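*Asks:* These protein sequence lines are chains A and B, in that order. Positions 1 to 114 (the working numbering) are the ones given, in order, by the first sequence. Positions 115 to 233 (the working numbering) are the ones given, in order, by the second sequence.
Among the hints, a few may not be true.
Below, a sample of chain A positions facing chain B; criterion: calculated Cβ distance under 7 Å [what the hints assert, rightly or not]: (1) Tyr25; (2) Pro40; (3) Pro41; (4) Arg43; (5) Gln44; (6) Met45; (7) Leu102; (8) Phe104.
Reference listing, derived: stretches of chain B covered by chain A, where coverage requires no fewer than 3 residues with Cβ under 8 Å from a Cβ of chain A [stated by the list, open to error]: (9) 157-168; (10) 199-209; (11) 221-230.
Derived from the structure by calculation, the hints contain no laboratory data. From a predicted model like this one, the values you see are computed outputs, not experimental measurements. Glycine included, each C-beta is placed from N, C-alpha and C at the ideal position.
Residue-level listing of the chains:
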Amino acid sequence: AQTVTQSQPEMSVQEAETVTLSCTYDTSESNYYLFWYKQPPSRQMILVIRQEAYKQQNATENRFSVNFQKAAKSFSLKISDSQLGDTAMYFCAFMKEYGNKLVFGAGTILRVKS
Amino acid sequence: GAVVSQHPSWVICKSGTSVKIECRSLDFQATTMFWYRQFPKQSLMLMATSNEGSKATYEQGVEKDKFLINHASLTLSTLTVTSAHPEDSSFYICSARAFSSGRWVYEQYFGPGTRLTVT
């Protein structure tokens, strides 16, 4: 079974600074998908970024980028130029290539301070 | 595109009554829908997976008779919490996946969630 571990329960960052959220996972699959979801206080789950395991290039979406290390089974999220609106709970998630289910980590609460 | 709605957004019911939560995909056909439960400051816990026109598959430990799931059409799935008790109070989230142009769209699209309070 796949597991996803987020070792940072809570983090804080000053506005405009950069922060990195950690995620490691365990799987025997060779092809899979990894995701970072954001859940702001409204509790609406929002997809931040996705990565296909077969792609070596790290995914980037504006201020959000990932550091995907397949051999180390690590998938960290970097948020640059942090904004107050980035305050949320962030979940790392895994899905097998032909799977159906998302396996979520425990989440990291990120607070952006002004 | 890819919008999922849930109704109601917040419901309060009395202990012993049943409550139905609807999940709709507004602009795509959802062949598979998922129901999650989430407690404050915790992760999402998958309760069940439903495919249109077939019985739902429940995760281990989830009571099928308590949480009835019906995926009657390609755009609607419902979760009915039967004989609700205060311990069923939680935040329930649905998500949907699509099958488009002959292939799976691997992304899940999430609804805004429903807060259930049982008094």
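*Asks:* Each of the hints needs a verdict: does it hold here or not?
*Replies:* Hints, verified against the model:
no., hint, result
1, Tyr25, "violated (14 Å)"
2, Pro40, "violated (11 Å)"
3, Pro41, "violated (11 Å)"
4, Arg43, "holds (5 Å)"
5, Gln44, "holds (5 Å)"
6, Met45, "holds (4 Å)"
7, Leu102, "holds (6 Å)"
8, Phe104, "holds (5 Å)"
9, 157-168, "holds (count 4)"
10, 199-209, "holds (count 3)"
11, 221-230, "holds (count 5)"
Hints 1, 2 and 3 from the list above are not met by this structure, while the remaining hints are.
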